[in-house]
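Chains as they are written, first to last, in my numbering: chain U, 2 to 338; chain X, 237 to 515; chain G, 7 to 445.
Please keep in mind that the hints were generated in silico from the structure rather than gathered at the bench. A virtual CB, placed ideally from N, CA and C, is assigned to each residue, including glycine. Check before you lean on any hint, since a few could be wrong.
[Unchecked claim] Listed next, the in silico DSBU-like pairs over lysine-lysine satisfying Cα-Cα at most 35 Å (straight line):
no. : chain 1 : residue 1 : chain 2 : residue 2
1   : X       : Lys274    : G       : Lys189
2   : U       : Lys141    : X       : Lys503
3   : G       : Lys431    : G       : Lys339
4   : G       : Lys58     : X       : Lys470
5   : G       : Lys189    : G       : Lys383
6   : G       : Lys259    : X       : Lys470
7   : G       : Lys58     : X       : Lys303
8   : X       : Lys470    : G       : Lys189
9   : G       : Lys301    : G       : Lys169
10  : U       : Lys286    : X       : Lys503
11  : U       : Lys286    : G       : Lys236
12  : X       : Lys274    : G       : Lys360
13  : G       : Lys339    : X       : Lys303
14  : G       : Lys344    : G       : Lys131
15  : G       : Lys169    : X       : Lys470
[Unchecked claim] Cβ-to-Cβ under 8 Å is the rule here; a few derived chain U residues that face chain X:
no. : residue
16  : Leu43
17  : Pro50
18  : Glu55
19  : Ile58
20  : Gly132
21  : Pro153
22  : Pro157
23  : His185
24  : Phe187
25  : Pro192
26  : Asn271
27  : Asn274
28  : Val291
29  : Tyr296
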Amino acid sequence: MSHSALDSSPAAAGSQTVPETAGPLPENVPAPKARKARRSFLPYGLILPAAVLEILIHIGPMLLGIWIAFISLTQLNLTNWLNAPFVGLQNFVNGLNPESTIGQAFFSTVGRTLIYTVTVVGLSWILGMAGAVFLSSNFKGRALLRTFFLVPYALPAYVGTIAWAFMFNQRDGAVNQILVDTFHLFGEERPFWLLGSNSFGAMIVVNVWQLWPFAFLMLMAALQNVPTDVYEAAAIDGASLWQQFRTITLPMVRPANGVLLMVMSLWTFNQFNIPFVLFGASSPKDATLVSPLIYQNSFGSWNFGLGGAMSVLLLIALFIASVFYIRMVLPKGADND
Amino acid sequence: MIETRNFRILRNVVLTLLSLWVAVPLYVVVSTSLKPLKDVAGLFQWIPREITASPYFEIWTTVPLAKYFQNSLVITVCATICSVTVAVLAAYSIARLEFKGKRAFSLTVLSTQMFPGILFLLPLYLIFTQIRNLTGVQLQGSYLGLIITYMTFTLPFAIWMLSGYFASIPKELEEASMIDGTGRLGALFRVILPVAKPGIIAVAVYSFISAWGEVLFASVLTNEATKTLSLGLKSYASESDVFWNQLMAASVVVSLPVLIGFILVQKHLVAGLSAGAVK
Amino acid sequence: MKNPLKVLTALAATATLALGLTACGGTSQATSDTITYWASDQGNSLDDTAAKLKPSLERFTKETGVKVQLEVISWTDLYNRILTAVTSGDGPDVLNIGNTWAVTLQETGAFEPVEGALLEAVGGKDRFLQTSWSTGGAEGKTPTSVPLYGLAYNMYYNTKMFKAAGIEKPPVTWDEFVADAKKLTKDTNGDGKTDQWGFTAAGASVSANSHQAFVRGLQNGGTLFDKDGKPTFDSAPQVAGVKQFIDLMATEKVMSPSDAEISQGSQKIDNLINGKAAMLFDQSPLKNFDARGFKDWGVAPVPMMQAGATGDAGTQSHVAGINLSVFKNSKNKDNAIKLAGWLTSDAEQVALNKAFRSLPVVTGASSDAAFQTEEVKSKRDALANHALPMPLVAKEGQMETLTGTAIKNLFAKAATGTVSEADIKAALEDANNQMAAAQ
């Protein structure tokens with residue numbers, strides 16, 4: 002199990018203090034002792050560059066970000082931010098009070114972002130799975146299609162989004178050109194895809210278009226390990242396609258799903274680029290996600306404490322959700338390492 | 237699955253729909269990039285009335301695209317190489333060696349994926365400012381700052397994928413080599429790396445794609461001299477005018493290097509992932 | 007506080023202090039005869055702007071021996087770039103700012119106050135158009151920016167469409183404007199759908215919407231802030247003003263629902279050029295007219311509630327334009343100040359404003375032959391006699407975002423359904439609450 006390397010069970014973690022080969026060695030022989038010392042340093046030496054970078058770029062800024070949630074950082078003191086006044090929980094009170102307009106907006110945005118995440122990840126997984134299952138069989142042009150399906154993932158995110166923004170244009174866009182002019186849907190009214198409640202759906206379409214190839218890639222890789230004779234045996238037993246899918250394919254990709262779904266959910270929940278390119282700095286009310294809201298409440302208003310407070314709350318929520326998820330889902334795959 | 241007739245019909249239907257879904261936006265981009273600006277303004281034409289390559293020439297003068305291209309190439313290639321190197325070392329340590337704090341390190345690295353990028357945009361900038369003030373090392377507006385930022389962003393996923401891959405390589409391989417007298421590191425470089433080539437390619441592709449398309453941090457950490465390609469695309473749509481055809485042409489140009497690289501290595505990519513990340 | 011982070015920051019602060027002097031000497035790349043200048047994008051593209059600025063800067067180098075390293079920054083990036091420069095203290099020597107940002111940026115303390123040598127270099131405040139000068143900073147404080155380019159809203163119209171509809175002169179009052187717009191709204195090809203509209207606007211442009219909230223409010227006797235600085239976005243006259251603007255699409259139906267999606271000013275100008283709409287309010291569409299070779303345009307003042315209105319009720323535009331600031335941290339302040347003086351000199355004001363189709367902000371340049379066209383005169387009249395600066399408050403940016411977004415959402419609602427007065431009131435109330443909470 003691959004991810005077990007990162008998430009080894011608590012029992013294994015507890016026994017890791019003793020180097021694996023230390024036990025049987027005679028204690029008074031000098032040479033192995035030196036070897037032992039070197040070996041105990043080696044693992045740390047190897048992770049050192051990664052650790053330094055993580056501290057500098059991820060952990061350090063995150064701690065500073067948390068700190069910012071407790072100070073009053075505005076345009077008045079941004080040049081001298083080290084001396085910005087400590088205000089305790091004031092930012093949390095201002096920004097997250099469910100009675101206030103800002104607080105209400107925050108909590109409804111979190112709910113909307115959750116729905117968004119579940120929808121996008123779910124659709125991406127279904128499309129990815131469909132592509133993976135059918136491209137696992139042998140036929141002419143298979144390699145070509147496989148490459149082609151991965152193109153949206155390889156495109157820079159900005160390119161994919163701007164293409165969709167161009168297509169979703171109400172008056173001149175390709176989407177209404179097909180739906181209204183060619184198929185005469187929606188009567189004669191050209192719907193607006195980037196305004197009002199439709200904008201939420203439009204954003205989901207763009208995100209799924211960009212994300213599904215990733216699910217496709219990972220699931221297809223997982224299906225490479227399914228031997229064909231298992232299917233043959235099932236077919237001889239009279240299992241239908243759906244039964245084969247349920248009893249053979251699905252269990253085979255379960256370990257891959259564990260981390261795939263988590264990573265995709267985190268990326269989607271924190272989505273910023275797509276709404277920013279589609280709608281600019283202020284999204285329609287029905288399509289405001291958490292990251293753009295935080296952006297608006299920190300960079301838009303030069304009140305970084307407020308945005309910081311929102312971020313911290315989210316971070317806590319995501320952390321709890323992830324820990325819960327790792328406990329619930331990942332250990333299942335972790336025991337056969 | 238077993239190829240019954242129903243399976244084949246279903247397969248053709250599903251794959252056709254998926255292909256259309258992928259193809260339509262790509263067609264819109266490419267066809268728009270070949271139209272004169274006046275034809276772009278009105279209702280979208282599926283079949284261009286007039287085809288012209290001139291947007292592909294104009295893009296180089298509307299914004300200094302060649303310079304952005306060079307910047308992106310330097311930053312992305314450096315970030316990818318560094319990221320892969322650092323990830324290989326850390327992943328090997330996690331996959332093969334036992335040490336105190338391993339689980340904590342692994343979980344911390346993976347959990348960085350949950351930070352909203354927006355949370356540490358300003359803090360990162362403030363830290364870079366402090367580093368400059370203290371040491372004189374210029375990280376804002378320089379290649380270096382963006383390189384270490386991008387390589388760190390891709391590290392968690394890269395370490396996770398590679399440690400999975402390394403763990404799947406039989407221990408006997410390197411044990412044999414270590415008995416021959418090579419140390420741990422020797423074994424890593426002589427035995428593991430060649431075997432792990434598909435996994436490393438998969439990680440490199442992932443790092444490259446992530447860095448090539450990033451815009452949020454690039455918009456704050458670069459200046460005119462170090463601006464990246466993805467960021468430069470925005471310049472075709474200014475407040476005073478939107479050059480849709482040039483924007484699309486530039487999009488094609490920006491995407492081509494990634495696509496070509498992707499097509500070249502995608503065979504290894506699937507093999508790498510299937511042996512490593514998803515097993 | 008025993009917070010480790012606090013200790014760490016304190017340590018860092020001490021170290022910064024200790025290293026301050028060496029850092030100052032060490033990191034500066036600018037040599038004594040080169041300064042950096044961040045210019046906003048005033049032309050048709052970044053390249054175009056740079057090309058139009060070059061001659062002026064070359065003359066400056068010839069005159070003073072000071073080289074200028076020019077960087078033209080797009081409007082989408084400029085604000086964030088300034089924000090980061092202010093934060094790090096590592097910015098250009100001289101820079102352009104949108105004049106509505108002046109008070110916000112003044113509060114950061116990052117810009118050189120316009121007094122002493124700088125005030126002397128620009129020749130004193132009396133050389134300038136007073137409305138433009140008033141945008142330099144908060145009232146009662148020393149300004150931290152000087153005007154560079156002047157702009158103001160005018161009404162531009164398609165003369166061919168006016169002629170076809172039998173309209174002989176442009177409307178003066180709002181009622182006339184709406185009536186004319188109705189005449190101009192029609193179905194030209196007989197397919198039962200309106201394809202020519204009386205008016206067009208960028209309904210999704212947050213800043214353009216906020217300008218209209220400001221102007222329409224004033225014309226109806228409202229203000230965005232009361233005397234004590236409390237936001238009054240939802241006062242009766244403000245609601246009435248915003249309603250007039252929204253009604254152009256919602257009830258008068260003289261504005262295409264598609265306009266609710268337009269976020270860039272150039273798209274509405276295209277509507278005028280392509281004959282899809284007959285009238286628009288804009289600050290400087292001429293460079294787009296030029297670029298498309300469009301000649302059938304006319305210009306008139308933005309309509310007011312009553313003909314000949316004066317004072318607040320006679321407002322047609324905010325005092326639009328671009329200001330120039332000198333960075334306080336500049337290692338080369340003497341030369342930076344020289345450049346500020348140079349760009350605001352009479353001769354360069356003529357050259358630059360001619361190139362960018364904007365208004366000179368110094369009275370000495372206005373008499374030049376280039377600025378005697380009807381279009382420029384109309385713009386100058388609006389700027390000098392019918393314009394007030396956007397509220398000079400520190401949270402100006404947020405005010406624009408909140409009011410502009412409220413109107414953007416109302417247009418979206420109008421495009422997809424109906425908008426009642428209660429909807430408008432509720433949207434502005436919401437924006438008002440957020441503004442009050444943020445202050």
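Hints versus structure:
{"no.": "1", "hint": "X:Lys274 <-> G:Lys189", "result": "holds (28 Å)"}
{"no.": "2", "hint": "U:Lys141 <-> X:Lys503", "result": "holds (16 Å)"}
{"no.": "3", "hint": "G:Lys431 <-> G:Lys339", "result": "violated (49 Å)"}
{"no.": "4", "hint": "G:Lys58 <-> X:Lys470", "result": "holds (21 Å)"}
{"no.": "5", "hint": "G:Lys189 <-> G:Lys383", "result": "holds (28 Å)"}
{"no.": "6", "hint": "G:Lys259 <-> X:Lys470", "result": "holds (34 Å)"}
{"no.": "7", "hint": "G:Lys58 <-> X:Lys303", "result": "holds (21 Å)"}
{"no.": "8", "hint": "X:Lys470 <-> G:Lys189", "result": "violated (39 Å)"}
{"no.": "9", "hint": "G:Lys301 <-> G:Lys169", "result": "holds (14 Å)"}
{"no.": "10", "hint": "U:Lys286 <-> X:Lys503", "result": "violated (43 Å)"}
{"no.": "11", "hint": "U:Lys286 <-> G:Lys236", "result": "holds (25 Å)"}
{"no.": "12", "hint": "X:Lys274 <-> G:Lys360", "result": "holds (27 Å)"}
{"no.": "13", "hint": "G:Lys339 <-> X:Lys303", "result": "holds (30 Å)"}
{"no.": "14", "hint": "G:Lys344 <-> G:Lys131", "result": "holds (16 Å)"}
{"no.": "15", "hint": "G:Lys169 <-> X:Lys470", "result": "violated (39 Å)"}
{"no.": "16", "hint": "Leu43", "result": "holds (6 Å)"}
{"no.": "17", "hint": "Pro50", "result": "holds (5 Å)"}
{"no.": "18", "hint": "Glu55", "result": "holds (6 Å)"}
{"no.": "19", "hint": "Ile58", "result": "holds (4 Å)"}
{"no.": "20", "hint": "Gly132", "result": "holds (6 Å)"}
{"no.": "21", "hint": "Pro153", "result": "holds (6 Å)"}
{"no.": "22", "hint": "Pro157", "result": "holds (3 Å)"}
{"no.": "23", "hint": "His185", "result": "violated (15 Å)"}
{"no.": "24", "hint": "Phe187", "result": "violated (16 Å)"}
{"no.": "25", "hint": "Pro192", "result": "violated (15 Å)"}
{"no.": "26", "hint": "Asn271", "result": "holds (4 Å)"}
{"no.": "27", "hint": "Asn274", "result": "holds (7 Å)"}
{"no.": "28", "hint": "Val291", "result": "holds (7 Å)"}
{"no.": "29", "hint": "Tyr296", "result": "holds (5 Å)"}
Figure legend: structure checked against the earlier numbered hints; hints not met, in rising order: 3, 8, 10, 15, 23, 24 and 25.
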